[in-house]
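Peer 1: Take the sequences, apply the hints, and build the full model.
Below are the chains, spelled out letter by letter.
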Amino acid sequence: MEQLFQPLINGLMAGFIYVLVALGLTLVFSIMGIINFAHGEIYMLGAFVTYILTVSYRVNFFLSMVIAMGVMILLGLLIERIIFRPLRGHQLNILVISLGLAILLQNLALIAWGPDDVSIPSPYPEAIEVLGINLSMERLAAVVIAAILITGLHLFLQFSRSGRAMRAVSQDPEAASLQGVPIERIESLSFGLGCALAAAAGGLIGPIFVISPFIGTVPVMKAFVVIILGGLGSIPGAVLGGIILGVTESFSATFVGAIFQDMIGFFIILLVLILKPSGLLGYE
Amino acid sequence: MKDRSSSKAKGFVAIVLTSLLIFGLYALAAAETFKIGIIGPLSGPASVWGQQIVRGAEMASEEINAKGGFPVGNEKYTIKLIPYDDKYKGPEGLTAANKLVFDDKVKVILGSISSASILAFQVVTEPNKVLVLCNSFSHQVLDTKKPYTFRILMTSLEKAPLEVGWVAKNKPNIKNAVTWAPNDVSGWDVTKHYLKAFKDNNINVLLSEYYERGTRDFYPILTRIKAKNPDLLYSCGSPPGDVGLMVKQAREMGIKCMIMGHAGSVEDPEKFVGIAGKKNAEDYTYGTDFNFESKEPKAVQFIEKYVKKYSRPCYGYVDPCFYDATMAYAYAAHKAGSLDADKVQEMLKRIPEYEGVMGAFKFSGKEDYGTDQQRLTTCFIAQIKDGKQVILSQVR
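Residue numbers (our numbering), protein chains in the order written: chain X, 1230 to 1513; chain C, 7 to 402.
Think of the hints as simulated: they come from the structure by calculation, not from any bench. Fair warning: there could be bad hints in the mix.
Which bits of chain X does chain C cover? Going by a derived footprint, with three or more residues having C-beta under 8 Å, they are [claimed, not checked]: (1) 1345-1354; (2) 1485-1492.
Pair by pair, the computed Cβ-Cβ distance ranges are [what the hints assert, rightly or not]: (3) C/P133 / X/A1341: 38 to 44 Å; (4) X/L1237 / C/D190: 27 to 33 Å; (5) C/A174 / X/V1485: 58 to 64 Å; (6) C/K311 / X/W1342: 23 to 29 Å; (7) X/N1336 / C/D190: 22 to 28 Å; (8) C/E373 / X/N1336: 40 to 46 Å.
Even glycine gets a Cβ: it sits at the ideal position worked out from N, Cα and C.
Peer 2: As structure tokens, then:
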């Protein structure tokens, strides 16, 4: 039984981190219609801000994460205002410039902090064993915090005024504009929120994995897979896609081999997309 | 009037001629510039090693230049370093070599540490007789048909028998092991050497796991490994960050066996402990090529200068390795009395009397590679104890 439950738990834990990174990406896509390749670097910078505050300034880890989210919201607003807004309507240009931004941010981080891997000291107690299954407290906490953030986002989108405005813009920007929704302000808000979620994911992984200027590439690739699997622009889809990807990878690596992990994961996604091209919960 | 004008003209000519003579003499007296190329990963996850190549070469070249350069025959040469980033990849290594050989016209290249890069750029350096002093683990880098490439650090071929031999001698209770490595040429090559060493020492390998570089979550692999219940978990060629993470996650998963790693698995013990956690890192055992607590005068002097220049501790072995390579090249060229590649490469093989920071600059390898172009260096077994590196023994 332990042989089945351990990979399942491993997969769920990994999946929730993917979801958190993917949510920010899908939020930005659904409202602004842009694919932001620099999203992984926002995740990386969120991790570094959390690291610097926790290790250099001895700020409480959870407070550091909240501050990192705030800092990335501000950076996100700046990026949206200065770089993406002038290019609205030119999706290809935005795609290319976001790639350039990703390279720029990565190299700035490399100059600032060097190439070495660093880690945030764990604020949690040691790993525990429950019924033969090993549970890392850091990962457990990451799952709980991710679940809280995902729930919070859902409630915000469903019940808040700004959230309803964001949903209206994602459905039909022209109609929303005619109803008096300030499109530019909503796009800025969604971009900032997307960056905050990426920063939160970055902060959460700090004590679990390592932080370096190069950690942004893999999560953003996984995030793309998740949002395509779940359906572009669908938040429930991103949640489902992230969990499926995490669990699939975990079982593949455990029972077949780590080198087949990505291959099997992508194969399953290919199958899903052949059968349902818009993704699991995407709109046709 | 005429006499005065004539005198003035003569005076003017005399001044110009004297100035030209002084300038010419000065030009003759000034040292020539000798360019040394560097190819290594200066960005990306492996840049920690690439930066070490640059630092080691910088320290050596500054030391040489401070003495007015290195003498070759009647000339003196000051060193100018020209680094290029290969990103640990073949195509970029080839591009860098093309620039260094054809544009910058270098006669010697330090690096790379990437097998893919070196194998790619040897097609440029070998036919153009450019000496390459490199460090990569692929067997194919050295060959009788590649007389201008020298490897200046021991590979897993040389180190695996020493490290595993130490295990067999000092940990007789270890009967079986699991190896894990990155899923690429370097990982496969290194694992092959360790598998042979384990076999030669009668330690049964239960499983050899490989993972894609960039993986951060080793829980799935460790779940498989835990099921095998090995006596020893051995890292074969993974970078320090990966090894630190693996050690941490292994202990979280409840894997209690001995964990050991190849030389290079720990570059900076403090950072390693920071990633793995002090309790998890306790007793992690590994090979290392350089004892940074050495009392040898050259090593002490090197470390003092390094700390002063870079404001960081010197834990890695790549820095002193390429320091030695730069100094040894200059010494070999001086002894050869020439910068001709054939003469210098012949002299490099004949200067075992040259003592570097990491010991004698002695080459061997005819038995394994068909040619004596593999440097033999020191090798130690170290362990993390109470968050710090402790040298347990010298195995070579």
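Peer 1: State for each hint whether it applies.
Peer 2: Here is how each hint holds up against the structure:
no. : hint                         : result
1   : 1345-1354                    : holds (count 6)
2   : 1485-1492                    : holds (count 5)
3   : C/P133 / X/A1341: 38 to 44 Å : holds, 42 Å
4   : X/L1237 / C/D190: 27 to 33 Å : holds, 30 Å
5   : C/A174 / X/V1485: 58 to 64 Å : violated, 32 Å
6   : C/K311 / X/W1342: 23 to 29 Å : holds, 25 Å
7   : X/N1336 / C/D190: 22 to 28 Å : holds, 24 Å
8   : C/E373 / X/N1336: 40 to 46 Å : holds, 45 Å
Hint 5 alone, counting from the list given before, is not met by this structure.
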